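Novice: Sequence lines, in order, name chains A and B.
Residue 633 in our numbering is what sits at position 24 of the first sequence, and the numbering runs on without skipping anything.
Residue 1722 in our numbering is what sits at position 306 of the second sequence, and the numbering runs on without skipping anything.
No lab work stands behind these hints: they were computed from the structure.
There's no promise every hint is true.
Listing some non-contacts, in silico: residues in chain A with all C-beta distances to chain B over 10 Å [as the list claims (entries may be wrong)]: (1) P619; (2) N649; (3) T650; (4) E653; (5) D685; (6) Y730; (7) M739; (8) F775.
Straight-line distance between alpha carbons at most 27 Å, and here's what the computed BS3-like set of lysine-lysine pairs gives [as the list claims (entries may be wrong)]: (9) B:K1796 x B:K1831; (10) B:K2028 x B:K2140; (11) A:K669 x B:K1497; (12) A:K612 x B:K1697; (13) B:K1497 x B:K1471; (14) B:K1812 x B:K1471; (15) B:K1497 x A:K611; (16) B:K1497 x A:K639; (17) B:K1493 x A:K612.
Given the structure is predicted, the values throughout are model-derived calculations rather than measurements.
Don't be surprised by glycine CBs; every beta carbon is placed ideally from N, CA and C.
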Amino acid sequence: MKKVCENWEPVLQTTTYGAEYFAEFEARAKQASAEIFRVNTAGEAKEIIMNLIKFTNAKKVVSVENPLQQASGVNDEIRSAGIALYTSQADIAEHAETADIGISGVEFGVAETGSVCQDAYAIESRLVSMLPPIHVVFLPSSRIVPGVEQAFDIFSQVFHHGYLSFITGPSRTADIERVLTIGVHGPSRFIIIAVDEPASGGVA
Amino acid sequence: MESSNRNIQKEIDEKLKDEVLRGALGRFSEAYPVSRLKAYENVEDIEALRDLVKKTKMDTVARIEEVADQFVAEATKRGAKVFRAADGAALKKYLIDLCKEKGVKRIVKSKSMASEEIHLNKDLTEAGIRVRETDLGEWIIGIAGHRPSHMVMPAIHLNRYQVAGYFSKELHTEIPPDIPFMVQTARKNLREEFLQADMGISGANFGVAENGAIGLVTNEGNGRLTTSLPPIHVAIIGYEKLIPTLKDAVPILRTLPRNATCQLMTSYMSMICGPTPVMVKKDGQWIEQEKELHIILFDNGRLKAAHDEKFKEIYQCVRCASCLNVCPVYALVGGHVYGHVYAGGIGAILTAFLNSMGDFEKINELCIGCRRCTEVCPGKINIPGLIEELRIRNAKENGLPFVMRNIFEVVGNRKLFHSLLRVASIGQKPFQSGKLIRHLPLFLSGLAKDRSLPTIAPTPLRDSIDKTAKNPLTPTKKIAFFSGCSLDFVYPETGQAVVKVLNDLNMSVVFPQKQSCCGKPVIGFGDIETTRKMAKENIAAFEAENPDLIIAACPTCAEMWKHTYPEILAEDPAWSERAKKIADKVREFTSFVAEEYEKAGRLNEANAGKKKLTYHDSCHMRRVLGIFKEPRKLLRSTSDYELVEMKDCDKCCGMSGAFGVKHADLSMPILSQKITNIKDSEAEVVAVGCPACMMQIRGGLDKQAPNIQVKHVADILAEELDKKKKKE
């Protein structure tokens, strides 16, 4: 899978970041109508996603692989519940448009604005985050930078080619009578699962 | 684009009668300032951030070619095809040739103002290509056949019922006026367009020279879809959007969403650097391909502006449209009257550069110079200042309208002007009642519908001042009083009050008889030559008196002396020196007296009086001279009054010099709002520091709330002195 940066963690370490900014990040993300769940272990994320599937009566899920999701073991759970799950590039291209839920991983959060940064170089990561009505992201809860400025300190070191996005809440419009309406061209629900334990035994 | 034969007056009349528009814009202009400030709640220093936007953009425009070359080189190196389009014709040719070459039949667009500037969709459609705007507002006005009425909210002039009507017509089925339902309908409809498009066209909010990336902010997600799904992406970006480094995007991204939509960040902010992958279906199989990325770097007048000493300032614009959101005239008429895609004050300027001076001429009067926009603009653009400069250039290029030319010949000739004013004081007699004209001859009656106009006083200040001034024998300062036309010919009693207050401070006051109009109304119409002549006459008249200080009790007069005279005389070394030297001596009345009272221990801000009084901030007093605390200190120190603040105390009263008389139809609704706020404050007296505001508000109250009085701060201070004397 194409990425702007193969490993964001060491680059984050060149600027200010940490779990101490999580509370502000959470408040700002909620202000932007994002739903946010903080869990200790990736395993707990499994339950959140399975509940979401149950309550939205989802039949089809598209997902791009990310370490936290793999650690959660949610994929097996989805499959064994008899829900269609597509994870390969060609399958995502075929099914994202008709899927009920898209799942992807994001690199870090921005406390100032409640945004998450998605390394969106791979087309499949954009497809799962744009086309289905619900988008779920995995975020390591320690990876929060305080502001837009720190985010760009990071970008200026790694952004030589590709596609990067801030995602801040669901798709929205106020173009008719300035009435805020959620879910225009992108998802109407944007759900962040913030996981405390590191994805692998590696970097804490 | 050539200038059209538009009848602006007729268009304004229509907009003023449009209840939907007036309601929507009225509610919006109420809500916007509050929401905007809320969005800045976690920005420590807004001013510093705005300064940074300004500095970043100023540094860039100073070496725009170099930055553009680097942007082109870096984007090209990564595989983008960059085309520099000199104008609309070149852009269209490149694009239509590309469509033909690649067999493009369907295009989706995500907001590109630059393409609207040249009516690109029309040409594409004529070339047989199906083009769809995908921003909901743009799509709505597209199917309605309208032009955008706001740069960020293009369909703000329509309500849900009208939108439902256009939806029903477009989709050939009855669509109910339910907003979420309509949004979902648009989603379904446009999703098909996205999936089938051969090309996506986007604008760009910034372009980064160091890596050739473009940045896009959107809320609906159409920007990401337009740049991701179709196999070809064309980004149209104006030179003014270029920035040297990625980090330079930070101040833009921290101000643009906060100012444009009162959000801390839009739902999506995407940056695209070089071609990225796209999925295409070949023989039933999905395969990844490299997307074709074209970047069109668009000039169309922008490079000319970059090399213009004054107008390079338009590069500081981030297209947030906050200048419209706070503009009192925009709130009344909306964007259509401005006649082009760029509405409001900044729109008038962009229109002049990107379209034609002819277009500008029709709309330039819609700026009342209240300067509210300068308080919110992220790039700190002096919009009213640039409009004034455009008027000057317009007058130089095209001359002044015949009537104006004649009027200014009169105003520029002191003796003639003053003798005419004296004649007017007799000529108006049949129509006046008390101090205000109640009935005007037929041709002027439109001016006085909801507002009485003042009469010319029988004896001007200049004839009475020597008799009434009580100059001390051993004055601490010699003051030369610049009264301005209003205090001289309309409100001489206020002029007398100024003299009384200064005399009481043990200062002597002289009135140079050769003083004339400050020149504001003349430069307001762009006649810089006449203004220069008047400036020189005034400067000479006051130099002759050799005073310690010059006092003006009119903020606009003070502004002319302090800022405009040195500026317009800058090219003449001798006069420039004289103008600067004398500008240092000029003080505005209320701030000067507050300072003197404070020194003398006469300020006692107990605010203990019984009568409620409210203070109206004149636009120029507050936003040009920065004076708003001082008059309040004086008012709170009076024994009679309690100062209460009205809502929007610093919002324009609608007078704004000639605007208030020429565009009475626009001036009146602005005045009405002011009158409502005054009434709601429950004050018995409105204090002002500006004679023009006094004229406007007095006229409005006379018709609508005659029991409320309007007084200049000088009048109130003089009353206080009279009262004290009586006690003694």
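Novice: All the hints need checking, so say for each whether the structure fits it.
Specialist: Verification of the supplied hints:
no.: 1; hint: P619; in the structure: holds, 19 Å
no.: 2; hint: N649; in the structure: holds, 28 Å
no.: 3; hint: T650; in the structure: holds, 30 Å
no.: 4; hint: E653; in the structure: holds, 27 Å
no.: 5; hint: D685; in the structure: holds, 25 Å
no.: 6; hint: Y730; in the structure: violated, 6 Å
no.: 7; hint: M739; in the structure: violated, 5 Å
no.: 8; hint: F775; in the structure: violated, 4 Å
no.: 9; hint: B:K1796 x B:K1831; in the structure: violated, 41 Å
no.: 10; hint: B:K2028 x B:K2140; in the structure: holds, 20 Å
no.: 11; hint: A:K669 x B:K1497; in the structure: violated, 38 Å
no.: 12; hint: A:K612 x B:K1697; in the structure: holds, 23 Å
no.: 13; hint: B:K1497 x B:K1471; in the structure: violated, 30 Å
no.: 14; hint: B:K1812 x B:K1471; in the structure: violated, 31 Å
no.: 15; hint: B:K1497 x A:K611; in the structure: holds, 22 Å
no.: 16; hint: B:K1497 x A:K639; in the structure: violated, 40 Å
no.: 17; hint: B:K1493 x A:K612; in the structure: holds, 19 Å
When each numbered hint is compared with the structure, violations occur for hints 6, 7, 8, 9, 11, 13, 14 and 16.
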